Amino acid sequence: MSKFTMHILVCGGTGCISSQSNEIVEQLKFHINAANMSEEVQVLKTGCFGFCEKGPVVKILPDNTFYVQVTPEDAEELVKEHIVKGRKVERLLYSDPTTEKKVSDSKHMDFYKKQMRVALRNCGFIDPDNIEEYIARDGYSALGQALSMTQQEVIDEVKKSGLRGRGGGGFPTGLKWEFAYKNEADQKYVVCNADEGDPGAFMDRSILEGDPHSVVEAMAICGYAIGATQGLVYIRAEYPLAIKRLEKAIKDAREYGLLGKNILGSDLEFDIEIKFGAGAFVCGEETALIHSMEGMRGEPTTKPPFPAASGYWAKPTNVNNVETFANIPVIFLKGADWFASIGTEKSKGTKVFALAGKINNVGLIEVPMGITLREVIYDIGGGIKDGKKFKSVQTGGPSGGCLTEKDLDTPIDFDNLIAKGSMMGSGGMIVMDEDDCMPAVAKFYLEFTEEESCGKCTPCRVGTKRLLEILEKITQGKGTMEDIDTLRELSHVIKDTALCGLGQTAPNPILSTLDIFYDEYVAHIKDKKCPAGQCNALLQYKITDKCIGCTACARVCPTNAISGAVKQKHLIDQEKCIKCGACMDKCKFAAIIKE
Amino acid sequence: MSCESCKNELANELYAQLAKFIDELPEKRGALISVLHKAQSIFGYLPREVQIFVGKKLGVPVSQVYGVVSFYSFFTMIPKGKYPISVCLGTACYVRGADKVLDVFKRELGIEVGQTTADGKFSLDALRCVGACGLAPVVLVGEKVYGRIGTAEEVKKIIAEYQE
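Taken in order, these protein sequences are the chains called A and B.
Each residue of the first sequence is one higher than the one before, starting from 1 at the first, in the working numbering.
Each residue of the second sequence is one higher than the one before, starting from 1 at the first, in the working numbering.
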């Protein structure tokens, strides 16, 4: 076996692959070979580093040098300078946005300083396609440990850790396992929910792409604890890379005797099958997910019976989300007490967030529970993009709500977020600035839930449609003040009467924005104005005196709404204008404004 | 050989491929969705005839097959264009202006979401989050990802890339 003295890690997450990280790996390997160093230097494609904003990311070990926005053409220089001569390539280093100084290694980057990686412990460190790298980092030893305990002891350990479901519900995981354990049956199932449907959240995908074995191992532990021999992963068909890596992980685990019969020489029998989703948000709900795995429409049913009593093919079934599972091996490796020492009183451990929107450092982060929003947005996230003013952060996706300036110092945990009118959800965190119109954001989420409503119960099927229609009226400047009352009343009725979580939480984005940004709704209704300048129907494009009459805008206008002679100020015919903004994009003199 | 019979021969071969997949399933119970995934990958879409075939082969009422096909957004009953275009409308892309990017595509191609251009070249879809939020707003043509699409000009450039 070769003894590598240096490792070049290249991010192989979906974001970085979209910007050519595969080609970078090939080029690096080519130049390492050319330099005759393939015995000493290993080039690895790893899972997501989290720093998606500056992808593709290349990290060099042992010195942790962190290169950003690397292109395949840079590979030669990286090898010749850094690897051969030991000189860092300055121009590719990350530069701190405030001090503008180059940061040479990842340990000194603000983005990583406040993070704590538990669920993502291996993402960006190992080759996800190589089971031996996982094993080298204590992989599958948690399973061995669990097998030396009784089933009840395993469950008690998970209970003691205080781990709560990371998919959104926040239900205590150990308790859930116990329910499934206590329900006796000839066959039980362990299900991993990898149907990440929240738009703007991609933590589950990143875990499966970067560290699939952690999920495989955790499912086997769960199988032992509750007495199930069959595991199923329900995954979105839209995640081809995650599927590929998971399939490989399952296959390798079988070959190593870590899945199948007599696992690690014990009596444990456990295997995993992959089931594909087909794009339905409601399938994130346990009962809907189970129906979808059975090949039916993914419609939810009332609980009880809970899946722990009657789930997949009416057998006791334990459903946990990907991130929840990824935490399990660590609980056994480091102990439940260690895990419970992180976080707040009722929310233990860490949480992975997909930080996105109008923020400088878009990416995947993992932070201890109890960290404040301010630390997440300003320290890790690097503040708001283009120096704009922070307005709000949306958590919990289509089921969640908004937090604002005044909530910046609240410690983030399950209960605090609910108390503030939002929720943890699966971990999407979308940052918005002064240019975002909140009624329009509420409308965006309602468009989503209305489309994703499965149609089984009336409050959700019809109710979300009516809510959306009212929001459309308001954002077009045709709303009345009575509409606000109707929005509120209808929202509460839907919350109280819808069948499943999708419907019950669908009105949250409306209620939350109505509470916090009431004035914006009023401005749309009474003044027929969109303060953020987003709602097209309430805006007019105008040409100012800066216009020099170059005719570029008139030529680009798809409806010929712009007239004017060469070298004279042009004019927009408001009747013809469809407000597409093409003229504003085209104008080199910033002469076109919208107001 | 007339062109009509070429077509039939091709279709027969595709059906045979699907039949083989179904026959080799270890368990037919609960397999409807995976069979439809396979069928769509073979035929490109799920027309009525394919749905009837799947129903018969699995012993499931066609109404149930249609119920499943129409429920899930991944399944389509209309053939996609040669170059399927998908605009990400996940929240991260939305707040960075993806809805406006989608409008430009609609205008430039003259089709709505879910439709295919008359020449069969492009189809347009909106999808929710490909997980490349760092590149928002994101557009996919087939499996190729285009990131940070901001202006109408950039949209036109993408379309032009696929015009022969």
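Just so you know, the hints here were simulated from the structure itself, not pulled from any lab data.
Given the structure is predicted, the values throughout are model-derived calculations rather than measurements.
Be careful, since some hints might not be right.
[Said to hold, decoys possible] Residues of chain B clear of chain A, computed beta-carbon distances all greater than 12 Å:
#1 112
#2 115
#3 117
#4 146
[Claimed, not checked] Part of the chain B face toward chain A, derived, beta carbon under 7 Å:
#5 32
#6 63
#7 66
#8 67
#9 68
#10 71
#11 94
#12 97
#13 128
#14 131
#15 141
#16 145
#17 152
All residues carry an ideal CB built from backbone N, CA and C; glycine is no exception.
We went through each hint and held it up to the structure:
For residue 112 of chain B, the requirement that its beta carbon stay farther than 12 Å from each beta carbon of chain A is met, with the minimum near 14 Å. With 12 Å as the threshold on Cβ separation, the claim that residue 115 of chain B sits away from chain A holds: the shortest Cβ distance comes to roughly 17 Å. Listed as a non-interface residue, residue 117 of chain B keeps its Cβ farther than 12 Å from every Cβ of chain A; the least gap is roughly 17 Å. Residue 146 of chain B, annotated as away from the interface, has a beta carbon of chain A within 12 Å; the closest lies near 8 Å.
Given hint, residue 32 of chain B at the interface with chain A, holds; its Cβ is 4 Å from that chain's nearest Cβ, closer than 7 Å. Among the interface hints, the one on residue 63 of chain B is violated; its C-beta lies about 11 Å from the nearest C-beta in chain A, farther than the 7 Å criterion. The beta carbon of residue 66 of chain B is not positioned within 7 Å of any beta carbon in chain A (closest approach about 10 Å), and the interface hint is therefore violated. Residue-level restraint check for residue 67 of chain B holds (minimum Cβ-Cβ distance to chain A is 5 Å; threshold 7 Å).
Hint on residue 68 of chain B holds. Least Cβ distance to chain A is approximately 6 Å, under the 7 Å limit. Hint status for residue 71 of chain B: holds, given a least beta-carbon distance of 4 Å to chain A, under 7 Å. With a least beta-carbon distance of about 6 Å to chain A, the hint placing residue 94 of chain B at the interface is held under the 7 Å criterion. Interface hint at residue 97 of chain B: violated, since its Cβ lies 9 Å from the closest Cβ of chain A, which is beyond the 7 Å cut-off.
Because the smallest distance between the Cβ of residue 128 of chain B and any Cβ of chain A comes to about 4 Å, under 7 Å, the interface hint for this residue holds. Among the interface hints, the one on residue 131 of chain B holds; its C-beta lies about 3 Å from the nearest C-beta in chain A, closer than the 7 Å criterion. Below 7 Å, beta-carbon pairs count as interface contacts, and residue 141 of chain B has none with chain A, the closest being about 12 Å; its hint is therefore violated. A distance limit of 7 Å between C-beta atoms decides the matter here; for residue 145 of chain B the minimum to chain A is near 4 Å, and the interface restraint holds.
Interface hint status for residue 152 of chain B: upheld, as the beta-carbon distance to the closest one in chain A is roughly 5 Å, under 7 Å.
Going through the hint list in order, the structure does not satisfy hints 4, 6, 7, 12 and 15.
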